[in-house]
Amino acid sequence: MHPIPAESDRAASHGLPTTGHAGKGPGVPAGCRRAFAVFAMLAALALAGCAAPLPLRGTGDLGVVIEREDGRLQVVDTSAHATLGTVDGLGDLSHASVVYSRDGRYAYVFGRDGGLTKVDLLERRIDRRTLQAGNSIGGAISQDGRVVAAQNYAPGGIKLFDARTLALLADIPSAAGPDGQRSKVVGLTDAPDGRFVASLFDAGEIWLIDARNPRMPQVTRFRGIGRQPYDGLVTPDGRYYVAGLFGEDGVALVDLWHPERGATRILDGYGKGEARLPVYKMPHLRGWAIADGYAFLPAVGRHEVLIVDTRTWREVGRVAVAGQPVFVIARPDARQVWVNFALPDNGKVQVIDTETRRVTATLAPGRAVLHLEFTPRGEEVWISVRDDNRVVVYDTATLARIATLAANAPSGIFFTSRATRIGF
Amino acid sequence: MCVRPRIRIAAVALLGTAAVLAPVGAPAQLTGAGATTTAAGPAPAPARQRELRALLRQDCGACHGMRLTGGLGPPLTAEALYDKPADSMTETILSGRPGTAMPPWRHFMTETEAAWLVARLRNGTIDAPDSR
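Residue numbers (the numbering used here), protein chains in the order written: chain A, 1 to 424; chain B, 1001 to 1132.
Don't read these hints as lab results, they were simulated from the structure. Warning: the hint list may mix true and false statements.
[Stated by the list, open to error] Here chain B is said to cover these stretches of chain A; the calculated rule only asks that three of the stretch's residues, wherever they fall, bring their Cβ under 8 angstroms from a Cβ of chain B:
no.: 1; region: 90 to 98
no.: 2; region: 293 to 301
[To be verified] Derived Cβ-Cβ restraints for the label pairs, each shown as a range:
no.: 3; chain 1: B; residue 1: D1083; chain 2: A; residue 2: T420; range: 37 to 43 angstroms
no.: 4; chain 1: B; residue 1: A1078; chain 2: A; residue 2: Q218; range: 41 to 47 angstroms
no.: 5; chain 1: A; residue 1: A361; chain 2: B; residue 2: H1107; range: 25 to 31 angstroms
no.: 6; chain 1: B; residue 1: N1123; chain 2: A; residue 2: Q181; range: 24 to 30 angstroms
no.: 7; chain 1: A; residue 1: P192; chain 2: B; residue 2: E1079; range: 40 to 46 angstroms
no.: 8; chain 1: B; residue 1: P1042; chain 2: A; residue 2: P344; range: 24 to 30 angstroms
Think of the CB as a built atom: it goes at the ideal place given N, C-alpha and C, for glycine as much as any other residue.
So that you can see chain A by itself, here it is in the shape it has in the complex (with noise of 0.2 angstroms):
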């Protein structure tokens, strides 16, 4: 492992608007103010048979299924295998990714064209929309749910949010890469202690935001990391951050309790020089595999899955697969890994015995299966099929398929249980 040092710099702080967390309202609680308009509402509108209360209910066992296509969500009830509604006019949702509030109530999507729109799951409509970017790649909210980043790449940057209002709290440009633009941000996730960490894809940095004053964000800059990392992720237990690195073979890594020794390199040259195969996808590492100590992650165009001691960050063997992985996911308990694949390899999922290390299970959930989601304990995953315009339940010990859900092209799939989640 190879050190590479830190250094800390004064966040620049842009722009920032006089609203706080305080919010606009005076003094009258939320709920009221919505109830009062949305009564004010319908009486205008005469819309007499809608005003029927919403049943009451928890919002455990709900999440969201992305249409992309459409610019829209279906909110899915993960206990009735049913969709109970949906929501529009949420902008484009290529490569749209979710992240929630943590009373699990409210989904923040955020679309490929900047928008950043807060939905309420219990009454599927729009609470909050803002088009913060020209283009979007994801976000991420703060350990006390207080804060929503999100990472831009155009114009490169991180800007974080106040997670009630969306009121701007923060811009932090990103640096800029060879071409002298700002650099694409990419592997923003949330981490202990009030801190938000990203990776830039161009300068080839990784930076550690410590928000714990959401208005002046300190900046603590790992450069010389790699070239090129393509996405990052933070452990399960928050300590250590990832980033994979498309433009070489090898993965950066920072110590969270100790960014003071700067970061390391590990897996390098993990291709042993081999030509890579093409690769038509980009491998996603947020909702990356630790199971029993050992992280599965994905090679980059390779047909293989790597297996990585966490204590040693060591490579400690490999699990060839059908196609380039895009996703590889452990079921909760860390049983089994999940993993999908990128074009041409893209109807077929695998199952890996974490035990034994091995392939155990191929299936073919259809045509383009572009995602999937463990339910909060694991005994089913949900799988998007694309181009079949379904959703398909499997049960992840007999692998059965238990239900099938209509949804146009869906694509992301998030469940509330990532509220929970430190790195969700």
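Fit chain B to the supplied structure of chain A, relying on the hints for placement.
The following block gives chain B in isolation, referenced to the frame of chain A:
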């Protein structure tokens, strides 16, 4: 800072590199910049056009955005492409760009089809039906 082992790998791996790295302009049938029709050959059959459009939105869209407004890869809108040489765009699609994230698509489409895509992208008619 210590020296780290670096293994440089061309993104274009499996294909014959000589052909792949041929200078731009190889598909010389194409007319020059500003051309609005594919001179490289007949337009693909309607069913194949639908497949190519789907590939463009979904699979190219993974990097260029489903609406082609850009992402990890640059925008592929008419505005972005109209003044770039068509033959070099076609070559980029078929062979990719080594050292960047743009992969080669030669296994998924013919040269004629790539040229058709480029022409349609450049004049902003990618979504218009074409029965020729």
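* Against the structure shown, which of the earlier numbered hints fail to hold, in ascending order? -> Result: hints 2 and 3 break, sorted rising.
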